[in-house]
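Engineer: The chain contents come next:
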Amino acid sequence: MSNSVLAVEATGIAKSYGTVQALKPTDLRIEPNEYYVLLGPSGGGKTTTLRLIAGLVRPTAGRISIYGQDVTELAPDKRSTSMVFQSYALFPHMTVEENVAYGLTLRRMPRDEIRAEVSRMLDLVGLNGYDNRRPHELSGGQQQRVQLARSLVLHSDILLLDEPLAALDAKLRKDMCLELKNIQKTVGVTFVHVTHNQEEAMTVADRIGLVAGGELVEQGSPEAIYNRPEKRFTADFIGENNIFDGTATGAGLDIGGRVLGLPTPAETGREISLSVRSEDMRLLDGEPKPEGWQALSGTLIDKVYLGLIGSSVVRLESGQDITVRQVGAMSSGEVGASVTVAWPTEAGRIHLS
Amino acid sequence: MMREYGNPWAHRAKWLYLIFVVVALMSPVLHTVTISFNEHGFGAADYDFTLVYYFDLFRNEEILAALGWTFWLAFVVVVVTLPMGILSAKFYQTTRWKVPFLLLMLAPLFIPADIMAAALLVYFKTLSRFFSDTFGLEWFDLSMTTAVIGQVLWCLPYVFVVVLVTMARYHAEQTEAARICGATAWRAFWDVEFPQIKAGVFSATAFTVILSFNEYTRTNFLKGGFETFPTYIVSYMLNTGMTPETYAMSGLVSMTSIVIVGAVLLLALRKEQA
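Residue numbers (our numbering), protein chains in the order written: chain A, -5 to 347; chain B, 5 to 278.
No lab work stands behind these hints, which were simulated from the structure alone.
Every value quoted in this text rests on a predicted model; they were computed, and no experiment measured them.
Each hint should be verified, as a subset may be incorrect.
As the list claims (entries may be wrong) - DSS-like cross-link-like pairs, simulated, lysine-lysine; straight-line CA separation at most 30 Å:
#: 1; chain 1: A; residue 1: Lys165; chain 2: A; residue 2: Lys175
#: 2; chain 1: A; residue 1: Lys72; chain 2: B; residue 2: Lys202
#: 3; chain 1: A; residue 1: Lys72; chain 2: B; residue 2: Lys275
#: 4; chain 1: A; residue 1: Lys297; chain 2: A; residue 2: Lys165
#: 5; chain 1: A; residue 1: Lys72; chain 2: A; residue 2: Lys18
#: 6; chain 1: A; residue 1: Lys283; chain 2: A; residue 2: Lys297
As the list claims (entries may be wrong) - Covered by chain A, according to a simulated footprint, are these stretches of chain B (three or more residues, beta-carbon under 8 Å):
#: 7; stretch: 174 to 183
#: 8; stretch: 191 to 202
Stated by the list, open to error - Partial list, computed: chain A residues near chain B (C-beta under 10 Å):
#: 9; residue: Thr5
#: 10; residue: Tyr82
#: 11; residue: Arg101
Heads up, the beta-carbon is just placed ideally off N, CA and C, and yes, glycines get one too.
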């Protein structure tokens, strides 16, 4: 397939249920062989987007193309997509082999070819020898692998994953993330993955689309979305950021009495937000503020030790709570003590919306 | 299990009560069946076991004809009611108007049998006159058709509820998964959902057979040109009174029902253990 054709191209797709807009008119462009993640809070419209691509729901407006073919009017069985669901999607009355073979059986592929193909896929997902088990005899992780094999065996153009790891425990989820990423590189198929878990998204994605309030808020590589969020919402949702809202005064931001230095000047009088990552902030232990830094004083109200990092919460005089995270260290101050939080001016990011 | 700390006598008392209820409910039936095997009939001091009354039944052509009609009627009612019940249950799952639909589906259960039967009779009489006057058709003359309609109305709520209960345990994601694997809506239902609601469909079938087999009031009003086993027994009893043959007939009906219910329970139990 030529690179100029998009794997998924959605133009103005929208979905309403009565008066409720699950997805506002949205454009979505996903490149061939890309691992694209739709990330966002629950009820934000990401699953609706995925189900629109799959053909499980019909858009109330807009068109969807897969590799240049308009599929808007096609039922799910007529589209070159396959899907991994969160849970309960395996056929409990069939063995693992029958589950994986189901799609090929529908295509009337010869029996021995089906068997060969199924065992190749079970190999790929690491379930060699589980052919005759029933879904209920498998662990949650194994069940998701069977679903993955059942989807991969179809060699569809797009593989859709709807919260595939949400039912797994944290450790397993981490392992499965890396494995998903590897499998995607091996088979070279476009993956579209829905999750509300930020770490999962960052692990697997080539590109993340942040979906909330029925809108595609922002998209970009995990690195870009974490370090250079454009929207205030993104800064609030990704990572652990401290956000100051106020009015720009050119080189500074008026947050009601105090003026904070901005990394780059902003149009005077405009309502903007400044976000600073909690790991870019420091508590000053009596030492003077370094050159080119911003500082605010407040009261230490909470300290949490998390192993790799120590997290402190400081209540500013304005009443706003600021989180400061430091690797391998805890603030020496006692809870209740007066402290100063500081950050390099250039660590701030300006959000116009 | 909480029972491990419970009073063992409370548990045993529950069993005793259960057994008492079953015996109390079943004893008239068992009594009748016992009489049907006694050569001397009802009220005799002696008891000599015999099957002669049963053999007599199977030599009586009227009874054989009635049995044939009964089974044929039950078969047609099953064939008509099952798909209707499954469709209604599917519809119930997708409709937004669940409560009104449920009330509508269950309404036939709350109308007394004789009222329903009489209403249908009058209705069919009117329809029948209309169809014969206007089109020269005999569609709604009292016949197998009218009896089937009457019984379907009676059986549908049961089939609907039984199928709905099994369907509730089914996860709709599986239908979506099947569709995405390339199955049409019908294939997805047949390959994935149906095998999982089979037990419910099977129970519904058994239920319908028993309901149809034992139904008297509606059938008696709406049948045309034939007798079923229950209508035959009643008219026989009204004409001749209780004879050893009547006992044998009652015994036959009871035993058929018990055998069907027993078979369903056994199958369900075996499935549970598998």
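Engineer: Next step is simple, just say for each hint if it's right about the structure.
Structural biologist: Right, here's what the structure says about each hint:
1. Lys165(A) x Lys175(A): Measuring from Cα to Cα gives roughly 16 Å; hence the hint holds.
2. Lys72(A) x Lys202(B): holds, 28 Å
3. Lys72(A) x Lys275(B): Roughly 36 Å separates the two Cα atoms, so the pair is violated.
4. Lys297(A) x Lys165(A): Status holds; Cα separation ~26 Å.
5. Lys72(A) x Lys18(A): Since the Cα atoms of Lys72(A) and Lys18(A) sit roughly 26 Å apart, the hinted pair holds (cutoff 30 Å).
6. Lys283(A) x Lys297(A): With a Cα-Cα distance of about 22 Å, the restraint between Lys283(A) and Lys297(A) holds, given a limit of 30 Å.
7. 174 to 183: With 7 residues in contact (Cβ-Cβ under 8 Å with chain A), the coverage given for the stretch 174 to 183 of chain B holds.
8. 191 to 202: holds (count 5)
9. Thr5: violated, 23 Å
10. Tyr82: holds, 4 Å
11. Arg101: holds, 7 Å
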